[in-house]
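Produce the complete structure using the sequences and hints provided.
Going line by line, the protein sequences match chains V and Z.
No gaps in the numbering here: position 20 of the first sequence is 20 in the working numbering, and each next residue is one more.
No gaps in the numbering here: position 22 of the second sequence is 195 in the working numbering, and each next residue is one more.
Among the clues, some could well be false.
As the list claims (entries may be wrong) - Ranges between beta-carbon positions, derived for each pair: (1) Z/181 <-> V/160: 26 to 36 Å; (2) Z/185 <-> V/51: 19 to 29 Å; (3) V/62 <-> Z/189: 22 to 32 Å; (4) V/29 <-> Z/227: 37 to 47 Å; (5) V/3 <-> Z/252: 34 to 44 Å; (6) Z/176 <-> V/62: 29 to 39 Å.
Unchecked claim - One side of the interface only, derived from the structure: several residues of chain V facing chain Z at Cβ under 8 Å: (7) 4; (8) 16; (9) 50; (10) 59.
Please keep in mind that the hints were generated in silico from the structure rather than gathered at the bench.
These figures come from a predicted structure and were not determined experimentally.
A virtual CB, placed ideally from N, CA and C, is assigned to each residue, including glycine.
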Amino acid sequence: MRGQVTFFILAGLAIFGAMATVTRRKAIYAFLYFTFTLLAISGIFLQLHAPLLLAAQLIVILCALLGIILFSVEVAKLDVTLAAERDSALKSTFIVAAISLALLIVLALLQHHFLLPGENVAALMPQRAVTWPPIVSELIRFFFTYDLLPLGLMLLLLLITAVGIRVLYLKRV
Amino acid sequence: MLPITSYLFLSFALLFIGIIGALTRRNLVIKLLSTELALVAAAINFTAFARLYGDASGQIFAIVSIVTIVLQLLVALAIVAAVFRHWNAAAPGPAKDISSQRSD
Chain V
1 MRGQVTFFIL AGLAIFGAMA TVTRRKAIYA FLYFTFTLLA ISGIFLQLHA
51 PLLLAAQLIV ILCALLGIIL FSVEVAKLDV TLAAERDSAL KSTFIVAAIS
101 LALLIVLALL QHHFLLPGEN VAALMPQRAV TWPPIVSELI RFFFTYDLLP
151 LGLMLLLLLI TAVGIRVLYL KRV
Chain Z
174 MLPITSYLFL SFALLFIGII GALTRRNLVI KLLSTELALV AAAINFTAFA
224 RLYGDASGQI FAIVSIVTIV LQLLVALAIV AAVFRHWNAA APGPAKDISS
274 QRSD
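Written as structure tokens, this is what we have:
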């Protein structure tokens with residue numbers, strides 16, 4: 001009963017946020033409502049016992065907030081001083097993201113051997129073995145051998161995209 | 174777990190809103206966000222069916238879908254920002270005229 005009420009509240013919030021996203025006139029407000037929708041949907045993911053998806057969704061929300069900041073700075077056409085400050089902030093963000101990514105990958109690779117012997121974050125993953133179809137099951141077995149590897153790969157893709165955006169941003173049209 | 178129809182209704186509603194937004198709005202950013210809503214609806218479906226059948230494959234596909242959302246959001250935002258800086262508008266109309274407006 002409590003699960004049903006939670007689901008309907010979260011679903012209502014998600015649909016409200018989606019409708020507000022589509023109907024806002026300004027893109028910034030649409031972004032904010034989109035973030036709100038993602039937050040409600042991450043609650044639904046948690047209800048579906050998918051905490052890894054919840055983590056992924058939170059990363060999406062962070063990216064959406066980053067998009068809000070970048071887009072609002074771009075729209076506001078701030079002066080060169082503020083742009084230089086933003087550049088240094090962007091560089092430090094890249095450094096922090098790269099270090100956390102490297103730590104995450106090292107943790108994922110070492111957790112079965114050194115860091116957490118016999119007790120790792122496998123509780124976050126689906127427990128039932130996948131038997132069909134064989135190719136997908138092999139893929140899943142590979143990914144879930146190291147529990148944090150999917151998240152690490154996702155962060156790696158995110159970092160590559162961020163570098164690409166940086167190059168796009170510096171390239172004058 | 175709730176009946177699967179609840180999740181299907183939710184994802185259908187999100188997909189419908191996303192398609193309506195992508196087709197009716199002129200602002201590029203809102204078109205982009207509407208497309209993301211449709212992808213999120215797909216992720217909800219994948220996760221719900223993964224939970225229903227106790228199969229991890231759906232969650233893998235949902236993760237791929239979410240990664241697609243992130244990458245598409247960031248790259249498209251960079252393109253929109255470049256379009257905005259060049260034509261001073263976030264609507265797709267001015268960007269159609271690329272051949273007639275060459276930058277120096």
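Comparing the hints with the structure gives:
no. : hint                        : verdict
1   : Z/181 <-> V/160: 26 to 36 Å : holds (34 Å)
2   : Z/185 <-> V/51: 19 to 29 Å  : holds (25 Å)
3   : V/62 <-> Z/189: 22 to 32 Å  : holds (27 Å)
4   : V/29 <-> Z/227: 37 to 47 Å  : holds (40 Å)
5   : V/3 <-> Z/252: 34 to 44 Å   : holds (41 Å)
6   : Z/176 <-> V/62: 29 to 39 Å  : holds (33 Å)
7   : 4                           : holds (6 Å)
8   : 16                          : violated (10 Å)
9   : 50                          : holds (5 Å)
10  : 59                          : holds (7 Å)
In this structure, the one hint that does not hold is number 8.
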